[in-house]
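There are 2 protein chains.
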Amino acid sequence: MTGAVDEVVADRYPTRSSVRVGIEPRHDPVVWVRDDRGGPLAGDDVDRFDCDGFLTVESLLAPDIVADLRAELDRLRSDPVLAADERSISERDSGQIRSIFEVHRISTAFAALIADPRLVGTARQLLGSEVYVHQSRVNFKPGFNGREFYWHSDFETWHAEDGMPTPRAVSVSVALTENLDSNGSLLIMPGSHRWFVSCPGETPPEHYRSSLQQQVIGTPDDASLTHLADQHGIRQITGPAGSAVFFDSNCMHGSGSNITPYSRSNVFIVYNSVENTLVAPFGAAAPRPTFIASRTFDPV
Amino acid sequence: MTGAVDEVVADRYPTRSSVRVGIEPRHDPVVWVRDDRGGPLAGDDVDRFDCDGFLTVESLLAPDIVADLRAELDRLRSDPVLAADERSISERDSGQIRSIFEVHRISTAFAALIADPRLVGTARQLLGSEVYVHQSRVNFKPGFNGREFYWHSDFETWHAEDGMPTPRAVSVSVALTENLDSNGSLLIMPGSHRWFVSCPGETPPEHYRSSLQQQVIGTPDDASLTHLADQHGIRQITGPAGSAVFFDSNCMHGSGSNITPYSRSNVFIVYNSVENTLVAPFGAAAPRPTFIASRTFDPV
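Going down the list, the protein sequences come from chains A and B. Counting in our numbering, the first sequence runs from 1 upward without gaps. Counting in our numbering, the second sequence runs from 1 upward without gaps.
One chain only, chain A, in its complex shape (with noise of 0.2 angstroms):
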């Protein structure tokens, strides 16, 4: 199954214009599907989802294979061949590897880990679906000079730059290192996913390029952030490695800077239904690559 980019889909999520910017309700559900279709999640766990718009899971993983996925990302790390990919992002300052695309294509450890019941089929659970995996990726927050993530919501780039007509996809990070207090762990805001923020500014052309290192494009504005956080306040997702936190593709979320000597590792993995596929993008000339955005449906 491959994607008709030229279809067309009603916009209902307008974003990306000098004309538009602001908070608007979320149009579809969180929770698709309610009955019980025997998924890992227990009922206040699926509440807690759509309530808050993300679940922690305090040890998704055995350390054991935790351990194997380090070895592995360390072993990619250091892959020649792999940094000079494209699927390999660098640090803007220090030139050092950011984030790796397209993991669960790279190597059989992450490929083994998309197809975790544990993972895909509370994805399936949450979008009363069959899924496939949009996006997947490793993440490294180096100690010392490891960068921020400005606040964003996933789904308001993947609606503009992707094509994804609603957000039906749910995410998954699952910390491959320990997510301190002090070491830019995940910052979020429970229940902004409930509502939509328009951004400002039209997508130049290959945005990618360069907001995969530092976004600009596509961020909210001041008055939207402040509005939301005064409303939903922030929390900070802090555990041990192999601790993960499922989360609505349009929850608003972002990470400050990590100075401290301890590098922040994880393996994140978009899971999309398969009655969401991608059109056309509703905000970008072009649509990105398919190591961001993957362009076949195959359910997992």
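In case anyone wonders, no lab produced these hints; they're calculated from the structure. In this text, a Cβ means the ideal position worked out from N, Cα and C, and glycines have one as well. Please note that a few of the clues may not be correct.
[Unchecked claim] Taking beta-carbon pairs under 7 angstroms as the criterion, some of the chain B residues facing chain A (in silico): (1) Ala115; (2) Phe144; (3) Glu148; (4) Tyr150; (5) Ser182; (6) Asp221; (7) Ala223; (8) Leu225; (9) Thr226; (10) Ile234; (11) Gln236; (12) Ile237; (13) Gly256; (14) Ile259; (15) Thr260; (16) Pro261.
For this one, chain A is given, so just place chain B on it according to the hints.
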């Protein structure tokens, strides 16, 4: 009383050379006199300061005093005459005011604060002598794009660039806004004050002009920071407006960036012992301006 810049004093804390980099034990006490002079701190608190190198006080200032000082800070930050004064330091990127130095000479409200017995009395008690104000400033870390302060020991800079002979100085930082776990609050390594980290690199002329925006020279090497963090851990100091932290001049500390909408302001006062007045800099060609490092040593 003014400083004898040409006085010869042995350098027991060498730094800023290409030869010597690493960690040395501190040669001086932290608490200088242990008899009870009737200072504000209880014996347990003195012991904690001695051990950790810092002491937090949950509510040092009453809410109405905090409100007055915040209003005064807002007035200072919007004063165009002061914005053009060399004592105002701006953020490198945005041009927003980051710090205002010598604030106790600019503002009667802040002048009253430095003479408050809860502040100056604590300094006298810990340092075992009369004290004078080596430096005062207000720091303003804006929301959305507040930059980090990298790891440093204040004493390392004051010794190298100002000619402070020994770490017989204590700082107090009073929060004028809430310090959250997410808005770039102070990070400190408890117990690190017992070690002096000699820093690589020679001090360039007029170094303060860049270092007050972002410090590069006079920052510890990665190996020393990793050793200290592994040994001592990292504590993040959070608390409401009006809370305070007293800390030894040689604590290793820093803070991450602030992407939240919540700006973070504090007033920072350094009390130095009148028995530890400045001489010629130990690691720079000329002393820094007196608005950064006072060369009048009149007791408070």
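Hints and how they fare:
Checking Ala115 (chain B) against chain A: minimum C-beta separation of about 34 angstroms lies over 7 angstroms; hint violated. At a threshold of 7 angstroms, the smallest CB-CB gap from Phe144 (chain B) to chain A is about 6 angstroms, leaving the interface hint in force. The closest approach between the C-beta of Glu148 (chain B) and any C-beta of chain A is roughly 5 angstroms, which is under the 7 angstroms cut-off, so the hint is satisfied. Interface restraint check: Tyr150 (chain B) against chain A, minimum CB-CB distance 6 angstroms, threshold 7 angstroms, status holds.
Residue-level restraint check for Ser182 (chain B) holds (minimum Cβ-Cβ distance to chain A is 5 angstroms; threshold 7 angstroms). The beta carbon of Asp221 (chain B) is not positioned within 7 angstroms of any beta carbon in chain A (closest approach about 10 angstroms), and the interface hint is therefore violated. Of the supplied interface hints, the one on Ala223 (chain B) is violated, with its beta-carbon coming no nearer than about 9 angstroms to a beta-carbon of chain A, more than 7 angstroms. Hint status for Leu225 (chain B) relative to chain A: holds, with the closest Cβ pair at about 5 angstroms, below 7 angstroms.
A distance limit of 7 angstroms between C-beta atoms decides the matter here; for Thr226 (chain B) the minimum to chain A is near 4 angstroms, and the interface restraint holds. The beta carbon of Ile234 (chain B) is positioned within 7 angstroms of a beta carbon in chain A (closest approach about 5 angstroms), and the interface hint is therefore held. The interface hint given for Gln236 (chain B) is met, as the beta carbon of that residue sits about 5 angstroms from the closest beta carbon of chain A, less than 7 angstroms. Look at Ile237 (chain B): its Cβ only gets to about 11 angstroms from chain A, farther than 7 angstroms, so that hint breaks.
A least Cβ separation of about 5 angstroms between Gly256 (chain B) and chain A falls short of the 7 angstroms threshold, and the interface hint therefore holds. Contact between Ile259 (chain B) and chain A, as hinted, is supported at the beta carbon level, the nearest pair being about 5 angstroms apart and thus within 7 angstroms. At about 6 angstroms, the closest approach between the beta carbon of Thr260 (chain B) and any beta carbon in chain A falls short of 7 angstroms, and the interface hint on this residue holds. The restraint placing Pro261 (chain B) at the interface with chain A holds, with a minimum CB-CB distance near 4 angstroms, inside the 7 angstroms limit.
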